[in-house]
Amino acid sequence: TQLLEQSPQFLSIQEGENLTVYCNSSSVFSSLQWYRQEPGEGPVLLVTVVTGGEVKKLKRLTFQFGDARKDSSLHITAAQPGDTGLYLCAGVGNYGQNFVFGPGTRLSVLP
Amino acid sequence: DTAVSQTPKYLVTQMGNDKSIKCEQNLGHDTMYWYKQDSKKFLKIMFSYNNKELIINETVPNRFSPKSPDKAHLNLHINSLELGDSAVYFCASSPLGQENEKLFFGSGTQLSVL
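These protein sequence lines are chains V and E, in that order. Going by our numbering, the residue at position 63 of the first sequence is 63; the numbering climbs one at a time, nothing skipped. Going by our numbering, the residue at position 53 of the second sequence is 53; the numbering climbs one at a time, nothing skipped.
Derived from the structure by calculation, the hints contain no laboratory data. Check each hint, because a few of them may be wrong.
Lysine-lysine pairs mimicking PhoX-like chemistry, simulated, CA-CA at most 25 angstroms apart [as the list claims (entries may be wrong)]:
(1) E/K52 with E/K9
(2) E/K40 with E/K52
(3) V/K57 with E/K102
(4) E/K22 with V/K70
(5) E/K102 with E/K67
(6) V/K56 with E/K102
(7) E/K102 with E/K19
(8) E/K9 with E/K36
(9) E/K71 with E/K40
(10) E/K40 with V/K70
(11) E/K52 with E/K102
(12) E/K9 with E/K67
(13) E/K44 with V/K70
(14) E/K71 with E/K52
(15) E/K19 with V/K59
(16) V/K70 with E/K102
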């Protein structure tokens, strides 16, 4: 069974601060995805990283895939209250149908 | 024009009852899923269907029976509901055979078993 761990579990910061959350596994995935989930809604895909060492930027969000394709990080610069939510990483298996989710990091950005 | 829609949004019922949750996607995707999110927000796959055929069936009690009348619909029927079934159930879909597969989720059904 492929398992994903995320840290920290909870994070509460002030608006304008920077933060990094992590996603780790002992397994190798063909790709890794990050989703954000807001209360009362389903998760929404933010990014997919495919190549080991890959870095992708989405405005103030920077995503990195580890060289060995077992871990990933999400860095947010100058966090805003709109960034508040549950951040989930998901490892994608070889056939694109097997998505394994981590337990999530609950981020709260205070104004 | 909601992409993945599931109904109802909220479901409150007594132990022992039978209930169904419906899901429809208008994205033309081949694969649909049911996920369960528990109180700790852990999202776990229950079932996956590709073009009306079951392809993933995780360790789920057989009280849960998915039904896919066509590839745009995947309904979830639950018999003899138990307290531990209380959770948020998400339907999702994904295109099959494309690079960078991604999941499109519905907004969830919050099931409370009393």
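Evaluated hints:
For the given pair, E/K52 sits about 24 angstroms from E/K9 by alpha-carbon distance, which is consistent with the 25 angstroms threshold. In summary, the hint linking E/K40 to E/K52 is not supported, as the alpha carbons are separated by about 31 angstroms, beyond the 25 angstroms threshold. Under the criterion of a C-alpha separation no larger than 25 angstroms, the hint pairing V/K57 with E/K102 is consistent with the structure, at around 18 angstroms. Proximity of E/K22 to V/K70 is assessed by CA-CA distance (about 35 angstroms); at most 25 angstroms being required, the pair is judged violated.
Between the alpha carbons of E/K102 and E/K67 the distance comes to roughly 22 angstroms, so the proposed pair stays at or under 25 angstroms and holds. Taking the CA atoms of V/K56 and E/K102, the gap is near 16 angstroms; set against the 25 angstroms cutoff, the hint holds. Between E/K102 and E/K19 the CA atoms are separated by roughly 29 angstroms; this puts the pair beyond 25 angstroms, and the hint is violated. For the hint pairing E/K9 with E/K36, the CA-to-CA distance comes to about 14 angstroms; that is within 25 angstroms, so the pair holds.
Distance restraint check for E/K71 and E/K40: the Cα-Cα separation of roughly 31 angstroms exceeds the 25 angstroms cut-off, and the hinted pair is therefore not satisfied. Using a Cα cut-off of 25 angstroms, the hinted pair E/K40 and V/K70 holds, with the two alpha carbons roughly 24 angstroms apart. Between E/K52 and E/K102, the direct Cα distance comes to roughly 19 angstroms. Compliance with the 25 angstroms bound is thereby established for this hinted pair. Simply put, E/K9 and E/K67 have alpha-carbon atoms about 19 angstroms apart, close enough for the 25 angstroms limit, and the pair holds.
With a C-alpha separation of about 19 angstroms, the suggested pairing of E/K44 with V/K70 holds against the 25 angstroms cut-off. Proximity of E/K71 to E/K52 is assessed by CA-CA distance (about 5 angstroms); at most 25 angstroms being required, the pair is judged to hold. For a cut-off of 25 angstroms, the pair hint linking E/K19 to V/K59 is broken: about 43 angstroms separates their Cα positions. Restraint check for V/K70 and E/K102: satisfied, since their Cα atoms lie roughly 19 angstroms apart, inside the 25 angstroms limit.
In this structure, the earlier hints numbered 2, 4, 7, 9 and 15 are contradicted, and the remaining ones agree with it.
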